[in-house]
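Protein sequences appear in the order of chains V, S and X. Letter by letter, the first sequence follows residues 1 to 329 in full-length UniProt numbering. Letter by letter, the second sequence follows residues 1 to 258 in full-length UniProt numbering. Letter by letter, the third sequence follows residues 1 to 266 in full-length UniProt numbering.
Honestly, the hints are just simulated from the structure, not real lab data. Just so you know, not all the hints are guaranteed correct.
As the list claims (entries may be wrong) - Keeping only pairs whose Cα atoms sit at most 35 Å apart, straight-line, the calculated DSBU-like set for lysine-lysine is:
(1) V:Lys92 to X:Lys25
(2) S:Lys9 to X:Lys25
(3) V:Lys131 to X:Lys25
(4) V:Lys92 to V:Lys114
(5) X:Lys25 to S:Lys252
(6) X:Lys260 to X:Lys90
Remember, predicted model here, so these are calculated numbers, not experimental data.
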Amino acid sequence: MIEARDLHKEFKTAVVKEGRFSGLRTLFSREYRMKEAVRGISFQVERGEFVGYIGPNGAGKSTTIKMLTGILHPTSGEVSVGGYNPHRDRRKAVRQLGVVFGQRSQLWWDLPVKDSYDILAEMYGVTAAEKRQRLGRFAELLNLDEFWQTPVRKLSLGQRMRADIAAALLHDPELLFLDEPTIGLDVHAKVNIREFLRVLNRDFGKTILLTTHDMDDIEQLCGRVMVINHGTLTYDGSIPSLRETIGLPTRMTLKFRGPFQVPDNFAASASAGVFRILGVEGDTVRLEADRREIRAVDIIRELDGWGEIDDISMEEPEFEEVIRRFSSS
Amino acid sequence: MLYFTLASKAYTRNLQYRSAHMVHNIASAMFGFMYACIWIGLGRDHPLGDYGTAGMVSYISFTQALLWVTSFTTNGLGIPQSVRTGQISLDLMRPVHLFSHMMAKEWGQIAYQFVYKSIPIYLLYVFVFSLQLPDQGLTYLYTVLSVLGAAYLSICINYLIGVSALWTTESSWLYWGNHALINVLAGFFIPLEWLPRWLEQIAWMSPYPYLLYTPTTIYLGTGDPSRLWGTLLWCGLFTAACLLATRLMRSKVEVQGG
Amino acid sequence: MKAGSWFHLYRLLIKTSVRSRMQYKFNFILASVLAALIQISEFLMIAIVLYKFGAIQGWSLYEVGYLFAVMTLSKTVYRTFADEVHHLEKYLISGDFDQLLTRPIPVLLALMPQNFRIMLGEVLQGGFILCWSLAGMMRTGQVGWTAVPLTLMIILTGAVILFSIGLATATIGFWTTRIEELQNITEDAARTAAQYPLTLYPKWMSSVLLVVIPVGFVNYVPSLYILRDELGVWVLPAIAGVAALCLGGSLLFWRFGITKYQSTGS
């Protein structure tokens, strides 16, 4: 569905002068600084995938998205979206795209939601019957009836986002680009949007590329995640394997029934090299381990020798923490 | 010192856009130049009354520079925008009166426009049209007083326009309507004595002549400094109106619950 | 997208925005009344001068009224359909321009229907002054009935010229982002200047208004033929040619400008 080959994008920015008459001098100066926002990104997205695209602010995330959607022209490299180059065949390429920018609406600010759909349908050449059928399909899931006649400026953020997503689906695109679709929403609204996106991907077979700062979005929705940092792709794969790559410790809490004894020579034993005891309180022991080095089963076997284990709980590393590690490395 | 801080912040906020404003000054100077050309063209065929062609060019030059102090004030002092964003209920909760708060900010804006717009534009005209400057110190004093009064009136008018945003979404039209009245009634392009009799009478019943015509004629030496009493009277009336409007606005915001 | 369906889209937009505007009757009436007041005050400025001095450089009150009305109506046609071209800066700053680039139609055609402005005040004022000045000149026998279709034609060619100037100015925004100051010169100042006979101005300035910012071709040049029988009938096709040239040139420039779009908006 999407193919990016060795994308580069450089921005030219005028150097701002300082000191006296700085404004005037900047205006007339010819000095520029080149900033390389994206340096050599390549990837492919297959039909039906749900891909998360993440990275810290200023890493080149939105520049990439803008090149994929034909908004920006790459300095070099090739993009193909649904078989078309969005720069040479912009109109054909964008016909297969639905784009939602979480921070701004594509609806008409002072018109009722319904009127915006009428205008968009006209713009994409969608017939009245198709429009009814498509909106009808999503109306219940997105609860569109609730604000059908309301001017967009009076919608709540959550309503507006639902209205915008429906608008992006009006021409039945194969491919959806979602840029921060849950930004600023409350927990309840976020859950609704996620559920809807899941249905779109699973039941309607839409290919979705999602950028977000909310790691729950990624973790709950995306089968694949791409991480960009300083303009290059630093990771492309599944979430579990991303976790593994980073090797953040898994935390375990074990509760013993009755008395137990931590071996006196534990600190010197071979096991101490692969897992670490964080604390002992009453009848519980908390520890952390790198699961690339030791299986959970082996840890339990080891601790079983200390006493009678009553209960075990395990915590995978927080995804957010994984990303933080990844971006800073 | 709060008011001084507000004013100086508004002034310095503008400094960063100086270069853009200089481009804008070229546009403004073009307007004035065009109006002056019209009067020069008219002066070729007709005697221009007491002013003469040179007098009319001086008149236009001064009003064009003065516009930045007494007409091009911030639309509704920025109140319409804070009504849209809901900021207004916050502003009303502050321990400063909204009117004096907004006014302090606008004085900073006006001071900036005076330094970076009025003065460069007027100097340009002095150079291009070789204008004469008044030689009496007293004239300068009266001019300063009438300009300060005019700026204050303009602040009040825009405050009232701003307050109206609580009742209508189209308050920016009032801003432009105010400009339309300035065009005709303030002596923006035509000195008031050349208006048709009935229009001239209407003009003198309004505050508009005190925005441009009075300061300009005082500066040119043709106007009687006693007109300053008129400026003072209107300043008093508008102050009362602004205080009343604030009270109405407060109750409106309280009813709406912010 | 076919032209037919684009007009259909436009009609839909007009219908919906008129309907939503009408929901707030008080606001709509207030805005229209004030717009008309602004227009009238603009004309009053000229009318008072003429009332006081009789004629400007040999142009009578009716003739100047005609210049003024044609300019107003051309601008009204331009702004009614392409107000958003004039407000491109807003889209560049907010980054909303991105959105338009994801539409499957030419960017300009996606931009224009973003908003529609009802300019009732301008239509009424311009129409009234045009009728009044044409009627005045017909009474004295200065012009005949043929002036009516010719006037309608130059209002349209004038709208095309003003649109081209507006589009070319807006395009500069792809490099500078800020265009308001420039618009003040190329649109507002130039248009206001051309409401008076260009002979009022120094040679260099009238040349600028004909060659660099060709507002003179909106009303002044055609009026020389239509009202005063100067130049010759060739003026009319020439005006149409100028309008086509302006439009073609500005569209080419616009297309080039879009490739320079940096999408720096937040």
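We went through each hint and held it up to the structure:
1. V:Lys92 to X:Lys25: With Cα atoms ~42 Å apart, Lys92 (chain V) and Lys25 (chain X) exceed 35 Å; violated.
2. S:Lys9 to X:Lys25: The hint is violated at about 40 Å.
3. V:Lys131 to X:Lys25: At roughly 31 Å apart (the allowed maximum being 35 Å), Lys25 (chain X) and Lys131 (chain V) satisfy the hint.
4. V:Lys92 to V:Lys114: 26 Å, holds
5. X:Lys25 to S:Lys252: 21 Å, holds
6. X:Lys260 to X:Lys90: 17 Å, holds
Of the numbered hints listed earlier, those contradicted by the structure are 1, 2.
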